Amino acid sequence: MAKLFRLFGKKRGGRMSGWWVVGSVSEAVFYGLLFLLGIVSLTTVVTWRVFWPASSILEIGFGFWLMVIASSSFVVIGLTAFLFQVSHVMASPELRSAMVDRAKRDHLRRSKGQTETAGSSLPDATILKDSPGVRLAYRLAPNQGDTAKLAVSAAFAVAWNAMLSVLIVICVQNHLVGNHEVFLTVLLVPFAVVSYLATRWFFRLFRRHIGVGPTTLEISDLPLLPGNQYALYLCQYGRVTFKQLKVSLACYEETTYQQGTDVRTERHEMTRKVVLGPEQFVVEPEKPLELDCQFTLPLDMMHSFQSSHNAIVWKVVVEGDAPRWRTFCRSFPIVVHPRPVPARDVANLN
Amino acid sequence: MSLQAGLEPGESLEFEYAVQCVAPELVDSLEVSVMWYTEGKGGEDIGVHLFQRIGREDLTELALDQPRRLSCDLPASPLSFEGRLLKIRWCVRLRLFLRDGRELSADKPFYLGHLTTDL
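Residue numbers (numbering that gives the first Met the number 0), protein chains in the order written: chain A, 0 to 349; chain B, 0 to 118.
By construction, these hints were calculated from the structure, which means they are not laboratory data. Because the structure is a prediction, the values reported are computed rather than measured. Built from N, CA and C at the ideal position, the CB exists for glycine as well.
20 Å max Cα-Cα, derived DMTMM-like pairs, lysine to aspartate or glutamate: (1) K242(A) / D291(A); (2) K40(B) / E268(A); (3) K86(B) / E253(A).
Label-pair restraints from in silico Cβ distances: (4) A105(B) / Q257(A): 23 to 33 Å; (5) K148(A) / G100(B): 45 to 55 Å; (6) R48(A) / D99(B): 45 to 55 Å; (7) D220(A) / A62(B): 51 to 61 Å; (8) V45(A) / A17(B): 58 to 68 Å.
When you get a sec, could you build the whole thing from the sequences and use the hints?
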């Protein structure tokens, strides 16, 4: 275990210098002092105002309220973090996890009357079941990747063009009054280049979004179970000829980890099973493409999994390759549960 | 600890444990848990299925070096899993808290389900 700290360079990995209890106790002491500082300052500010209202010190105004807010935040942050650190030291990870699970079970029992213990590592399928389908039971919601990109490009293009317009007006006004700002004039050139590129980027995305059109996907049941058969209904709008269009069932591992001060998420595709295609299709505005297919899940497959830093995610992926448009890919998250076990009492927590 | 290595969801997990080579008067408390944990590139997550804590008052009535048996029914998920970025593993963990502040722990892993890495 390293005992000396490097003065330069980023700490990498999870290694620690010294006993972890020393760090936790020190952190608890720090937050405890923060809490006390908040209490002392808040009490000072409030009592000064109450017992000496005529005093010019700490008069009610911007400064007074700033002090109250800052002191209150010290109290809240200090107390919360102090209790968290104390529980970290006093309780093992297993005890903390058991207590959290018990609290969740009690909450579920009180609020919804559920007596079965819910699998805490399974993603919640109730959100996916909120949207009923027209032909099949449920309509799947797409991942927001495409629309988010379009929204971001629109916002950036509008903001940048607005800023460029303001600078152009200022520059022209300066020139008209004889104040020739050379630096500002020269700066307008790269700004105009960025504006052109941003606007072009937005219109390309917009054109592709309109040309390919929205994709609607419906499924016969949720959550999915291994060994069962399911139906899919795909409706593709737009005005495009697909060289090939296919629908696949894909599974991904996702992990979130800390690298120095950065938080990174990595994804790896574990498996992919094509359920429809690839085939050539033509989509017309008056006649959207409608496809039905069925697929059977294998008996031995990993179910969906969700925890704080790790996940196993199943998705239905629709991919198309069109001559006029770049390859488009739309994914629809689904939930796969494990095969149910016979109804017996699972072990209870003490 | 001793238990069977491979189990299926819904099966009954039976195991016994004993604490040896540690003087009973040194032990402050003892925790036994049946749990899963993740390993791999991401941060470690844990989930506890069975948890039992024996405090100082109860320890005086027990002979720690004598085997004690526990059992529970295993859940349907999460199944043991070996992936490239993520591994899900099950184990029985015994944690001893000593009176001088030290902790000792021992794990006995087992495999839940029969998934292979080739999905």
